[in-house]
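Quick note, the sequences are listed as chains A and B, same order.
All letters in the first sequence, in the order written, are residues 1 to 328 by my numbering.
All letters in the second sequence, in the order written, are residues 1 to 538 by my numbering.
Since the hints were made in silico from the structure, they are not lab data.
Incorrect hints may have been included.
What the hints assert, rightly or not - Estimated spans, in silico, between C-beta atoms of each pair: (1) 264(B) / 249(A): 47 to 53 Å; (2) 467(B) / 196(A): 40 to 46 Å; (3) 452(B) / 244(A): 41 to 47 Å.
Stated by the list, open to error - Derived list of chain A stretches under chain B, where covered just means 3 residues or more per stretch with a C-beta under 8 Å from a C-beta of chain B: (4) 89-95; (5) 118-129; (6) 200-207; (7) 274-286.
All values reported here derive from a predicted model rather than from experimental measurement.
Using N, Cα and C, we set each Cβ at its ideal position, and we do this for glycine too.
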Amino acid sequence: MPPSHLAERLVYRHDGEWLPLPSWASFLVGLGGEIAESEAAGPALVGVVLPIRDYAALLVALGTVMSRASPMSEEEANTRFWEWQADLPPGRPVRVVLPDGRLVDGVIDDHTIEGGRPGTWVRTTKDGRRWISAGSTNRIQPSDRAAPSFKRNPQRRRIRHAADFVAALLPDQNPALYASTREPGCVICGTISTLETELGEGGFGAGPRAANVAAGTLQDILRARRLVGHEEAFRTELVAASSSQPDPLDYAVHTAIFDGALAFVKHRHRWRRACHVVVLSEADPHLPEAVDVLKEAASAPGRRGLSLQELDAIPMGCELVSFRAGTP
Amino acid sequence: MATFAEASSVYQCASDVSVRLLEAENTSVLAFAASVSDFKRSLGDDSTDLYWKNYLRTLKRCRFDMLAAAVAPDYPFVGQTALVARLREQLRSCDELYPTHAGAAGRVLDALQSVGPLPESPVIMAARDMQTSSPGGETAVVLANSRFVAPSHAFLDAVLEDEQVPTAIHYSELAELKTWERLYFVGRAWWFPRWVFTSPRSRDLVITCYAGLDPLRLRDDEARFSRFNRSNALVPLRAFSRAVQDKEPTVAHPALDLDDLEPVVDWGGLSAAVRERRFTGSQEEEVDAFPVALEHEWFVFVEDEDGASVHAIDLTAEENEERVRQVDVRDLEPGMFILLRTQGSGDFVVTIADRLLGPLAPSHRAKQAEWKGRLRHAVDTKGLTVVARELEERGCGIANPVNVHRWTSPSARVIKTNKREDFEKILRYVGLGDAADEYWKALRKVTSAHLRAGRLIRQRLLEQVEQADLSALRRAGRATFHLKEADGGALEAFRIVDVSRHSEPVPHTLLRHPFKVETDDAGRAASQLRLDIFEIRP
C-alpha cells in the first residue's frame, strides 16, 4: 500500500459519527510510511513543527509500523519467524501460543527436521513435548520467566489482538499472526504517560464503509512493549524522554520518533543509524533550541536532499525540514 | 489530555486562520505616547539619574497600561488623574534641580492630562465589531499582561451591559487546547509570543490597537525552515502578511519610539539599589544571588549556589507528577511559577523542617549555627584559601575555596557535609572534635527533617494543584496556596517573567523574600526611594 494511502481506512469518532482522518493526521501517517520505505537509502532526519503535538508522534509511528507490516505475506512472516525460532537455544523458556490465543509455558527442547519439514520440539507444561513446525499456526514467544515447573497447572490467557480492527486496517495481515509476530524497530521517545494515554484512546476505527467500522486503539496496531503482556510480541518501544540512561535495546532501531523538543535535544545522539523524526510544537518553550539543532544538522556537510511525496501535502499551519545525513 | 477531535479543531484553526486589524484613531493618546519618547530623548544622559529614571518608569508604565489594557484611556485603572497630580508635585523641585528639563517634563504631563474620555479605544472598536458581526460563539479579549485581566473584565462588563461580554484572558491561557470563535488581541502583535498566532486557538484573530503603532509586526515572521525547504505552508504567517497588505497605511508619530513602548525589567536599577543598600545597611551577612522578575512587578532574589533549589509549579509539564517539583535555581525559566512565602521566613522548607523536629529544633539548629559560625570566623581571620588549604592538609579531601565558602553560608539549608569523615575533620579544625559524634547525629536529624519537609510540601502542593483551576492560575499569574504545615503562612505562586543571570552579593535577609519596586514613589526624594525599594509587602 503506498504510504499516502496508509490512513485511508482509519476513521475517528466525533459527536457519535465516524469521520475520515483529517488531512494533518493522514499526512503524519503517510510521512511515517515514507520514512520506513526509504530507510535503505540511509538515515533520514525529518523535523516537523506543528500547531500542537498531541497524537502526532503516534501517527508517524503508525505509518512506520503499518508500512513495515503491510508488505509481509503470511509466508514471509513465517519464514522470518522461523529464522528467529531456530536461533533459540535448547532450555530457553518460551510460551506457545495456541491457535485459539491461549498461552502455554514451555522450554525449547530441540530443533529438528521431521518428515522433511523443519521445526522445533517444545516441552510444555500442558501436554509434554509438542512439535512446532516452521509455518505452523502454533507460535512460540520468548519468555523471561524461569523454566516452568512441569508439575504445575499450565497458565493460560488470551492475547489481545483486536482482530476486527487489525483486519480492517491491514487487510493483508492475519490478525493473530500480526499480534504474535515480534517485529520491533520503531522507538518513540517522549512523555510516557501522555503517549500511553493516547495509545489507549478509544475513538479510532477502521473499515471500508462508515456503516461497518471496527473500533480499536492505536495500541492495537503499534503494540507498544510497555502495554502488551510481558511476554507478548511488540512492534514499538516507548522510551521516557526524562530518563538519563535508557536501557539499551536488544534489536536494531529503524526509526526513532522524538516527541517534543526536549526529547530530541536530550536523546538525539541515540539510535544514530536510525531515521529520526522530530515532532515539535509551536508553543514548546524549548522549540528554538531544537530548531537550532535541526538547522545545524541540515547545514552539515554531506547532507543530501530527501524527496518525500508527503512534502507536497504538508498540512496548513505546519512546517517541515527533511534531509538525509551524509555518509557516516 | 485532549481527545483526537479536540486536537483536530486546533489544526483546523491553524489551517483556516484569518487575521484582521481594527485600528483606533485617538490623537491625544498617540500624542501622549510620543511625548514620553520625546521627553526621554531630551533628557539625554540625565535619563539614567534616579530622579528621572523613576519619573520615566512611572510614565512608561502608565503609557503601556493605556495602550495594552482593554479599557478606555481615562479608566481609573490607568491612574491618569492621580498620576498627573503626583508627578506635578514632584516637578516642583525640578526647577531648582534640573531647570533645563522642567519645561519638557511639564509638557508630558500636559499631554497625559489632555487624554480625555474619548470614545475611540481598541476595546471600544472590538465591542463595535462584535455588535456588527457577532461571532456567535465564545469570544475572548487577549491581554499581554495578567495585571490587565481583572480591570479589563470589569470595564467590558460595564460597557457591554446586556450584550455578549467576551472573556478577558492572559495569552498564556491559550496554551490550553480550548478553541474560541473569535479572539481579540489588544495592542501590538509584538507584545505577544509568536505561538499565539502560529498555533492559533481560533480561526478569527483580530488585532485591535491604536493607530500608528505598527500593530501587525510579529516578533519573528520568518518560517523556521525556509532556508531548507522549497515550500512550506505556514498559513498564520501568510494571514499576517495578507492583513499587512490590506491595511490602510498609517503614518506613525515621528516622535514615537516603537521599540521603547513595552516595559522592560530594569536589572541595572535593581542592582544599583542593592549596592546602595549594602553600603548604607547594617552588617548583614551576604550571599551571592541573582534577581528574578515576577508577575505584577514583584521581584525576588535567589541564592546562586550549587545545589540550591526552590519549589516551582510548571504548568507546561505534561505529567501531573512533574508539575510540582524542586527546581535547581539555575534552571528557573520564564513561565514557571515559583513558590514563595510572603510572611515570616522566606524559606518555608526550614520552617516546616523545624516543626517536624519539634522540641529538638532549637538545640539542633544551635549546633548547626555553631560549627558554621566557627568556620566563618576562621575564614574571616585567615581567609578562604588558607582555611581551605589547612582543611585539605588535615585530610578533608573535599575542602576547596568554593566548598568552604558554601559551608559558611548563613542559609539554614547548608547543614553538614555528606560524609561523616569530612565533617569530623572540619569539626576538629574548628575545635569541636570532641563533640563530633553528637553534632553528626543531631545534624543528620536536621537533614532528614529537611528532606521530609520537601516531600511533604510537594505532596500538599500536588494535592492543591490537582484541585486548582489552572486557567485561573494562568490568568492571574499568581495564586495563594495554604499549607497548614507552613506555620499558618500561605505560599504564593508567582509566574516568572524574566530571570537575570547576573549574580551579585545581597544581604541574606533579602533571599527568597518577594518585594515590589515602588513605582508609586517617583515623587519622593531619591534617598527615600532607595530605602523603600526593598520594603517587603505581603
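Verification of the hints:
no., hint, verdict
1, 264(B) / 249(A): 47 to 53 Å, "holds (48 Å)"
2, 467(B) / 196(A): 40 to 46 Å, "violated (24 Å)"
3, 452(B) / 244(A): 41 to 47 Å, "violated (26 Å)"
4, 89-95, "violated (count 0)"
5, 118-129, "violated (count 0)"
6, 200-207, "holds (count 3)"
7, 274-286, "holds (count 4)"
Violated hints, in rising order: 2, 3, 4 and 5; the structure is consistent with all others.
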